[in-house]
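Can you make the complete structure from the sequences, with help from the hints?
Taken in sequence, the protein lines are chains P and U. Take 293 as the starting number for the first sequence in the working numbering and just add one per residue. Take 293 as the starting number for the second sequence in the working numbering and just add one per residue.
A couple of the hints might just be wrong.
As the list makes no split between identical chains, a pair holds if one copy fits it or if it spans any two.
Below, computed lysine-lysine pairings styled on DSS-like, alpha-carbon distance capped at 30 Å [claimed, not checked]:
id, residue 1, residue 2
1, LYS395, LYS781
2, LYS456, LYS369
3, LYS739, LYS579
4, LYS669, LYS502
5, LYS456, LYS742
6, LYS514, LYS782
7, LYS731, LYS601
8, LYS488, LYS579
9, LYS429, LYS570
10, LYS782, LYS502
11, LYS664, LYS502
12, LYS552, LYS534
13, LYS534, LYS369
14, LYS413, LYS739
15, LYS456, LYS552
16, LYS502, LYS781
17, LYS552, LYS451
18, LYS552, LYS399
19, LYS570, LYS552
20, LYS664, LYS570
21, LYS329, LYS742
22, LYS570, LYS399
23, LYS395, LYS570
If you're looking for bench data, these hints aren't it; they were derived computationally from the structure. Only a predicted model underlies this, so the values are computations on that prediction, with no experimental measurement involved.
Number of protein chains: 2
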Amino acid sequence: MVMTFQLQSEFTLSADASALTQQITTFFSTLETQLAKENLSFHHVAIKGNTIQVSIESQGQTRPHNKLLQIKNAFSKHMGKEHKIGVRSITILHYTIVFEVEKPPLKPVTIPFADVTSKEKQVTLTLNNVDDEFLQKNYIDRMISRVQEKIQNQYYEGKGEFWKAIWESPEKQPVWNKDPTEEMLAKGWLQQGPTKGKWFYRPQAAAILKTMELIALEEVLKPLGFQEVIASHIVPFDIWLKTGHMEGMPGEFYYVCEPKTRDVLQWERFVDLTKITKEISSEELAKNLAIPRAGICYAQCPVIYWSLKGKTIAEESLPILIYDKTAVSGRYESGGRHGIERVDEFHRIEPVYIGTREQLLKLREDMLDRYKHVFNKIFDLEWRMAWVTPWYMQQAGKISAVSEQETGTIDFEAYMPYRGARKDAEWLEFQNLSILGDKYIKAFNIKAQKSELWSGCSGIGLERWTVAFLAQKGLDPENWPEGFQKYLKKLPSGINFL
Amino acid sequence: MVMTFQLQSEFTLSADASALTQQITTFFSTLETQLAKENLSFHHVAIKGNTIQVSIESQGQTRPHNKLLQIKNAFSKHMGKEHKIGVRSITILHYTIVFEVEKPPLKPVTIPFADVTSKEKQVTLTLNNVDDEFLQKNYIDRMISRVQEKIQNQYYEGKGEFWKAIWESPEKQPVWNKDPTEEMLAKGWLQQGPTKGKWFYRPQAAAILKTMELIALEEVLKPLGFQEVIASHIVPFDIWLKTGHMEGMPGEFYYVCEPKTRDVLQWERFVDLTKITKEISSEELAKNLAIPRAGICYAQCPVIYWSLKGKTIAEESLPILIYDKTAVSGRYESGGRHGIERVDEFHRIEPVYIGTREQLLKLREDMLDRYKHVFNKIFDLEWRMAWVTPWYMQQAGKISAVSEQETGTIDFEAYMPYRGARKDAEWLEFQNLSILGDKYIKAFNIKAQKSELWSGCSGIGLERWTVAFLAQKGLDPENWPEGFQKYLKKLPSGINFL
Chain P
293 MVMTFQLQSE FTLSADASAL TQQITTFFST LETQLAKENL SFHHVAIKGN TIQVSIESQG
353 QTRPHNKLLQ IKNAFSKHMG KEHKIGVRSI TILHYTIVFE VEKPPLKPVT IPFADVTSKE
413 KQVTLTLNNV DDEFLQKNYI DRMISRVQEK IQNQYYEGKG EFWKAIWESP EKQPVWNKDP
473 TEEMLAKGWL QQGPTKGKWF YRPQAAAILK TMELIALEEV LKPLGFQEVI ASHIVPFDIW
533 LKTGHMEGMP GEFYYVCEPK TRDVLQWERF VDLTKITKEI SSEELAKNLA IPRAGICYAQ
593 CPVIYWSLKG KTIAEESLPI LIYDKTAVSG RYESGGRHGI ERVDEFHRIE PVYIGTREQL
653 LKLREDMLDR YKHVFNKIFD LEWRMAWVTP WYMQQAGKIS AVSEQETGTI DFEAYMPYRG
713 ARKDAEWLEF QNLSILGDKY IKAFNIKAQK SELWSGCSGI GLERWTVAFL AQKGLDPENW
773 PEGFQKYLKK LPSGINFL
Chain U
293 MVMTFQLQSE FTLSADASAL TQQITTFFST LETQLAKENL SFHHVAIKGN TIQVSIESQG
353 QTRPHNKLLQ IKNAFSKHMG KEHKIGVRSI TILHYTIVFE VEKPPLKPVT IPFADVTSKE
413 KQVTLTLNNV DDEFLQKNYI DRMISRVQEK IQNQYYEGKG EFWKAIWESP EKQPVWNKDP
473 TEEMLAKGWL QQGPTKGKWF YRPQAAAILK TMELIALEEV LKPLGFQEVI ASHIVPFDIW
533 LKTGHMEGMP GEFYYVCEPK TRDVLQWERF VDLTKITKEI SSEELAKNLA IPRAGICYAQ
593 CPVIYWSLKG KTIAEESLPI LIYDKTAVSG RYESGGRHGI ERVDEFHRIE PVYIGTREQL
653 LKLREDMLDR YKHVFNKIFD LEWRMAWVTP WYMQQAGKIS AVSEQETGTI DFEAYMPYRG
713 ARKDAEWLEF QNLSILGDKY IKAFNIKAQK SELWSGCSGI GLERWTVAFL AQKGLDPENW
773 PEGFQKYLKK LPSGINFL
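Structure (C-alpha cells):
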C-alpha cells in the first residue's frame with residue numbers, strides 16, 4: 293500500500309536566524325540528500341525571524357512525522373555548536389496523509405484530532421496544528437491504524453461470530469420446559485437484588501449455586517492439580533489497558549470511585565445534608581469523590597496475569613494451574629438482562645493456565661475430559677461444543693474469520709427447553725475454554741526459565757451452570773441425576789413468609 | 293428544655309386581598325384563640341396586595357414552622373369557599389429559633405441552611421427565605437436535632453470507645469513475634485494487590501484464608517443450623533440511608549458508577565482516544581458515566597436485612613439464621629492500612645440472626661461457646677472478649693457511654709506478639725458479635741407472625757482470623773496446633789520464581 297504524506301511544519305528556534313539563512317539552507321540540502329533514498333523531500337524551507345517553515349513530502353515507507361524529532365535533534369546538534377542556536381519546539385501546521393484501503397469505507401469514518409475523507413478506496417487524513425507531544429507519543433501512527441481498522445470493521449458489523457460445532461451429546465428428554473428463574477422466584481428461593489441485574493439467593497438457590505462450585509472443584513480443578521489464589525475484584529485501568537478490555541468494552545464496566553478523603557470535616561456538609569434531607573445530594577457527593585481509575589472485575593484473568601507481571605517462572609512450576617473463585621464479577625448489561633443467566637453481577641471460577649504449547653494442548657484434552665465427565669455423568673445434560681471467535685479478537689477490533697485449532701475458544705452450549713424446540717431455540721453458553729497463545733504472556737512480560745510460554749483460561753460461571761442444569765432437570769431434587777444427588781440430595785428449608 | 297421561636301412569613305395568595313382585610317384579620321384572631329393554649333401567638337398580620345405577612349411567636353412545644361402548612365390549609369378552606377381566595381405558597385422570610393443545650397458548645401457549630409450562634413448554653417438558629425418544600429420535607433426539625441447532636445458529640449470526640457473486658461484466655465507462649473504479612477511477602481505467599489490496600493493471595497496464603505472459612509462453617513455455623521444465602525455486593529444508597537451507614541461513614545465507601553449507556557456509538561470517541569493515546573481520558577470517560585447511586589459492600593448485613601424488607605416471617609422459621617460469605621467488602625482506609633489486617637478489600641462471613649429476644653440471647657450463648665471452641669481448641673489462641681459501643685451508635689452520631697448487657701457488641705481481640713508486650717501492645721479485633729435490638733428490624737419493617745423481633749450479626753473476617761492465628765502460631769505448619777492441622781497440614785506448593 294502506497295501512502296503519501298504532505299506536511300507543513302514550523303520550527304521555533306531559540307534565537308533569530310535571519311543571519312543564518314545560508315547555513316540553514318545548506319543543512320536542509322545535505323539532510324535531503326541523505327533522506328532521498330527514503331522518498332522524502334523538503335519541498336520548501338523558509339526562514340523568518342526565529343522560525344523556519346519546512347514542508348516535507350514523502351511517498352515511501354518513511355513517514356515525515358516520524359522524522360521530525362530526528363531533524364530537530366540533527367539541527368540542534370549541527371547548528372548549536374557553531375551558531376548557538378537550537379529548536380525550541382515543532383508544530384505541524386498542516387498535514388495531509390493519503391492511503392489506500394483494501395475495501396472502500398461503507399460509511400463515513402471519524403476520528404479524534406483529524407478530519408477523514410474518502411473517495412473509493414482512497415482515504416485522506418487531515419491534521420492541523422499538532423504539537424511536539426503529539427509526535428513524541430506516536431499518536432499519528434495509531435490514528436492511521438485506527439482509521440484502517442474502523443473501515444475494516446464496517447465489513448464485519450452484524451455478521452455474528454464465527455461458530456463451528458465440534459461435538460454434541462445425544463438428545464436428552466428434559467424433565468420440564470419452564471424458565472428456572474421464574475419458577476425459583478415463584479417458590480421464594482430467589483429474589484431480585486437491590487439494584488438492576490443483581491440477585492439475592494435465598495438458601496435453596498444458594499445451595500444449588502454453591503453445589504456447582506463444589507462440583508467444579510472436586511471433579512475438574514482438584515483432579516487436574518489446580519491451586520486456588522485470591523484476586524482483588526477491583527481492577528485498575530492500567531491492567532485493562534494491557535489486556536485490551538479498556539478499549540474493547542468500556543460501556544460494560546461497573547466503575548469504582550474512591551473518596552477524595554476520609555477526613556470527617558471534609559464530609560461534614562454531606563453528612564449534615566443527608567441527616568437533614570434524608571436524601572443524597574449528588575452535587576455534594578461529587579465534590580468528595582475522586583475520578584474513577586478502576587472498575588469491578590469483568591473476568592478474573594487480567595488480575596491473575598498481572599500478578600505474574602515481569603516474573604520469570606521456574607521450569608518446575610510449569611504448567612502453572614491456578615484459579616480464583618472469590619472475586620465477584622460485574623458487567624453492565626443494560627437491556628439484555630434475563631433471569632439469572634444474563635445478569636450484571638455473577639460468580640465465576642476462573643482457572644488460568646500458563647505453560648508450553650505442548651503442556652497447554654495436553655491440558656485442554658484433560659480439561660475437556662473432566663468437563664465431559666461433569667456434564668454427561670453428573671448433570672446428564674444435552675449440550676454441545678463449538679469453536680468460536682475469541683471475544684478479544686471480536687471486541688478489541690481484531691476481527692478475523694479464521695479460527696485456528698491450536699489457539700481459540702471453545703464454547704459449551706446447553707439446550708434450554710423453555711426457549712423452544714432444539715433446532716430453533718438459542719442454546720445457552722454455559723462454559724468456555726480458551727487457549728490464547730502468547731497474547732497476555734507478552735502483554736504482562738511473563739517469562740519462563742527456558743520455555744516459550746502460552747496461556748489460557750476457562751470461565752466457569754456458577755449462574756450459567758445452575759440455569760443450564762435446572763432448565764433441563766427441573767427444581768425437584770427427586771428428578772435430579774444420581775451423580776448430582778450425591779452432591780445435593782435435599783434442599784435447605786429456607787425461610788417461610790406469610 | 294424551653295425553645296423560643298420567632299417566625300416572619302409571607303403568604304402569597306391567589307388574588308389581591310386588599311378588600312378582605314377585615315375577614316382575614318378575623319380569621320387570624322379566631323385561629324390565635326385556638327392556638328393560645330399551645331403558647332403560640334400571631335405577633336403581626338399585614339395585608340398588602342396579594343400577600344399577607346404573618347409573624348408568629350411561640351414558647352411552647354408547638355413549633356410555628358410545623359403549624360404553617362396547617363394554617364395555609366385552614367385559610368384556604370375558610371376563605372376559599374366564600375371569597376374564592378387561597379394560599380399559593382408560603383415563604384419563611386426570617387426565622388429565629390433559640391434553645392438551651394445541656395452543656396455549652398466547645399467550639400462553633402455550622403449547619404447547612406442556617407446560621408448558628410451560641411452564648412453559654414443558649415443556641416440560636418437563624419434561617420432566611422425558606423420555601424414550602426423545606427417545610428413539607430420537615431428539614432427544620434432535623435436541623436434542630438442535628439445542631440443538638442453536634443454539640444453533644446463535641447464532648448465525646450477523641451474519648452475513644454467504651455470498652456469493658458468480660459473474658460480472657462490464659463497467657464499462651466507465642467511461637468514467634470514476627471509480622472505475618474511481612475513474612476508471607478518475603479516467602480512469596482502473598483503480594484500487594486493492583487490498587488491500594490488490596491492483596492493478591494498466592495496459593496499458600498489463599499489456602500490458609502480458605503481454611504479459616506471452612507473452620508467457621510464446620511465448627512460454628514453448620515452446627516448452629518445457619519443456612520447460606522448469596523447477597524449482592526453492590527449496595528444502593530437507599531439501603532444505607534435506612535441503616536445509617538450513608539450518614540455514618542460516607543468517607544469510607546468505595547462508590548460505584550454505571551455507564552450512562554452500553555451503546556457502542558456513544559463510547560466510540562472514548563475508544564478512539566484510548567487506542568490513539570494509550571491513556572484514559574478522564575474527561576471523556578466522565579461524559580459517559582452516571583452519577584454514583586451505590587457503593588461496594590461495607591458489611592453484608594444491610595443487604596440481608598433489605599432482603600426481608602416488609603416481610604412477615606412465619607413463626608416456625610424463627611430464629612432466622614443465615615449468612616453470606618460471597619459478597620466481597622470494600623472500605624476506603626486512606627492512611628490506616630497495615631498488612632492484611634487493615635485493608636481496603638476483605639473477605640467476611642456475615643451471620644445474621646433474627647428472632648425473639650429470648651431466642652437471640654440463647655443464640656448468643658451458643659455462638660460464644662462455638663467461637664470459644666474454635667479459638668481455644670483449634671487455634672489455641674491467647675485472646676479476650678470485651679463489651680464495646682456498637683459502631684452505629686458511635687458513627688451515626690448516637691454516642692452513649694452506657695452499654696447494656698442485652699443489646700450491644702462484643703469484640704474478640706487477639707494478642708499480637710509482633711506489636712510488643714501483652715500489656716502495652718494494641719490487641720487485634722478479629723471477630724465481633726452484636727445483638728442490635730429492633731434497630732434494623734424497624735428500619736426495614738420486618739415482622740413476625742406473632743413475635744416481637746430482634747436481630748444481630750457477627751462478622752467473621754477471614755483476614756483477621758488468619759492474621760490473629762499466624763501472629764501467634766507462625767508460618768510453619770509443623771508448629772500449628774493439632775486441631776488446626778486437621779484442617780490444613782500441608783501447604784500447596786505455590787509457584788516458584790527465579
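Comparing the hints with the structure gives:
In this assembly of identical chains, LYS395 and LYS781 lie within 30 Å of each other by CA distance neither inside one copy nor across copies; the values are 60 Å within and 64 Å between. Taking the shortest Cα distances, LYS456 and LYS369 never come within 30 Å of each other, neither inside one copy (60 Å) nor across copies (77 Å). Taking the shortest alpha-carbon separations for LYS739 and LYS579, neither the intra-copy value of 44 Å nor the inter-copy value of 39 Å comes in at or below 30 Å. In this assembly of identical chains, LYS669 and LYS502 lie within 30 Å of each other by CA distance both inside one copy and across copies; the values are 19 Å within and 29 Å between.
Taking the shortest alpha-carbon separations for LYS456 and LYS742, neither the intra-copy value of 36 Å nor the inter-copy value of 60 Å comes in at or below 30 Å. Taking the shortest Cα distances, LYS514 and LYS782 sit within 30 Å of each other both inside one copy (25 Å) and across copies (15 Å). In the homo-oligomer, the alpha carbons of LYS731 and LYS601 lie at most 30 Å apart inside one protomer (13 Å), although the nearest pairing across protomers, at 48 Å, exceeds that limit. In this assembly of identical chains, LYS488 and LYS579 lie within 30 Å of each other by CA distance both inside one copy and across copies; the values are 26 Å within and 21 Å between.
In this homomeric assembly, LYS429 and LYS570 come within 30 Å of each other (Cα to Cα) only across copies, at 9 Å, whereas the closest approach inside a single copy is 49 Å. For a Cα distance limit of 30 Å, the shortest separation of LYS782 from LYS502 qualifies both inside one copy, at 14 Å, and across copies, at 25 Å. In this assembly of identical chains, LYS664 and LYS502 lie within 30 Å of each other by CA distance both inside one copy and across copies; the values are 20 Å within and 28 Å between. Taking CA atoms no more than 30 Å apart as the test, LYS552 paired with LYS534 passes in both settings, with 26 Å inside one copy and 24 Å between copies.
Taking the shortest alpha-carbon separations for LYS534 and LYS369, neither the intra-copy value of 37 Å nor the inter-copy value of 70 Å comes in at or below 30 Å. In this assembly of identical chains, the alpha carbons of LYS413 and LYS739 never lie at most 30 Å apart, being 42 Å within a copy and 71 Å across copies at closest. Proximity of LYS456 to LYS552 under the C-alpha cut-off of 30 Å is found in neither arrangement, the shortest distances being 50 Å within a copy and 35 Å between copies. When the C-alpha separation of LYS502 and LYS781 is checked against a cutoff of 30 Å, the pair qualifies both within a copy, at 13 Å, and between copies, at 25 Å.
For the identical chains of this complex, LYS552 and LYS451 are inter-copy neighbours only, at 26 Å across copies versus 45 Å inside a copy, given an alpha-carbon limit of 30 Å. In this homomeric assembly, LYS552 and LYS399 come within 30 Å of each other (Cα to Cα) only across copies, at 26 Å, whereas the closest approach inside a single copy is 44 Å. When the C-alpha separation of LYS570 and LYS552 is checked against a cutoff of 30 Å, the pair qualifies both within a copy, at 23 Å, and between copies, at 25 Å. When the C-alpha separation of LYS664 and LYS570 is checked against a cutoff of 30 Å, the pair qualifies neither within a copy, at 54 Å, nor between copies, at 41 Å.
For a Cα distance limit of 30 Å, the shortest separation of LYS329 from LYS742 qualifies neither inside one copy, at 42 Å, nor across copies, at 94 Å. With identical chains, the CA atoms of LYS570 and LYS399 are at most 30 Å apart between copies only, with a shortest distance of 26 Å across copies and 51 Å within one. Only between protomers do LYS395 and LYS570 lie at most 30 Å apart by alpha-carbon distance; the minimum there is 27 Å, versus 59 Å within a single protomer.
Comparing the model with each earlier hint shows violations of hints 1, 2, 3, 5, 13, 14, 15, 20 and 21; every other hint is respected.
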